[in-house]
Amino acid sequence: MKISRMTPWAAALAAAALIGIPAAASAGQENAATPENATAPAGDRSAAYADYYANAQGKTGAALKTALHDIIKTQSKVTYDGVWNALKVTDQDPANANNVILLYSGRSQSKATNGGGANDWNREHVWAKSHGDFGTATGPGTDLHHLRPEDVTVNSTRGNKDFDKGGSPVSEAPGSLTDSDSFEPRDAVKGDVARMLLYMAVRYDGGDGFANLEMNDKVNNGSAPAMGRISLLKQWSQMDPPDAFEQRRNQVIFDQYQHNRNPFIDHPEWVNSIW
Numbered sequence: 117m118k119i120s121r122m123t124p125w126a127a128a129l130a131a132a133a134l135i136g137i138p139a140a141a142s143a144g145q146e147n148a149a150t151p152e153n154a155t156a157p158a159g160d161r162s163a164a165y166a167d168y169y170a171n172a173q174g175k176t177g178a179a180l181k182t183a184l185h186d187i188i189k190t191q192s193k194v195t196y197d198g199v200w201n202a203l204k205v206t207d208q209d210p211a212n213a214n215n216v217i218l219l220y221s222g223r224s225q226s227k228a229t230n231g232g233g234a235n236d237w238n239r240e241h242v243w244a245k246s247h248g249d250f251g252t253a254t255g256p257g258t259d260l261h262h263l264r265p266e267d268v269t270v271n272s273t274r275g276n277k278d279f280d281k282g283g284s285p286v287s288e289a290p291g292s293l294t295d296s297d298s299f300e301p302r303d304a305v306k307g308d309v310a311r312m313l314l315y316m317a318v319r320y321d322g323g324d325g326f327a328n329l330e331m332n333d334k335v336n337n338g339s340a341p342a343m344g345r346i347s348l349l350k351q352w353s354q355m356d357p358p359d360a361f362e363q364r365r366n367q368v369i370f371d372q373y374q375h376n377r378n379p380f381i382d383h384p385e386w387v388n389s390i391w
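Going by this note's numbering, the residue at position 261 of the sequence shown is 377; the numbering climbs one at a time, nothing skipped.
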């Protein structure tokens, strides 16, 4: 049986995460005070969610991927309009409750500045919505596990590019690089990006009326239901393990919105077990 999302340990863990998250990064700053650099013991997380992942224990490869899909496909769905308010909660700056942290930029920005203006923030689909042509449909187009706040201009620069290394610096996103066919996020969120994409590849397997999303080791995937490059994303997941901000985000989505989890935040070791 799956765990109840409102069990006492879940509430305690969420509270602990809220208390333990250090101050967020300001624009261009990534140091020991940022949430990207605080991690919780993996063993504690594994024990906390043993019941939720019971049917996946002991499995590897395709069997593990199938088991995880069967677990996380049970979820509530958020509308695309509802994503605006959800992101104001999931990505709240732990140092300033009036702000959100922008994914690639790393800057703390007022929640009230969401919109379409050049200096506003909007809803970034980390798994580009054209890769599988799901758009903003309720389901993959509104799944909070891969939707993040980002500066409008930076979001446009990323576009629907796959993820790879190298390129030119991205204005308003210190540490991020881009070229004609790929985007490289700042170091502090490389693992976050990888785990969001891997979640999508497990959650959406063609059984919901949407495309079967898969990872590959290419760029220029265009409208194919694929994202790359998996070899690099595996490296990023290992070099940037789940931090307190990412863990809290996973918990908030589970408790308040979708009631499913990103298994690669709770069990980073499962990345190599599947891919």
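In short, the hints are calculated from the structure, not lab data. Do not take every clue at face value.
[Said to hold, decoys possible] Distance condition first, Cα-Cα at most 20 Å in a straight line; then the derived EDC-like pairs of lysine to aspartate or glutamate:
1) K245 <-> D280
2) K227 <-> E288
3) K350 <-> D303
For clarity, every value in this text was computed on a predicted model and none was experimentally measured.
Comparing the hints with the structure gives:
Taking the CA atoms of K245 and D280, the gap is near 18 Å; set against the 20 Å cutoff, the hint holds. The hinted pair formed by K227 and E288 meets the criterion: a straight-line CA distance of about 18 Å does not exceed 20 Å. A hinted pair counts as satisfied when its Cα atoms are at most 20 Å apart, and K350 with D303 qualifies at roughly 14 Å.
Going down the numbered hints, you'll see the structure goes against none, and every one checks out.
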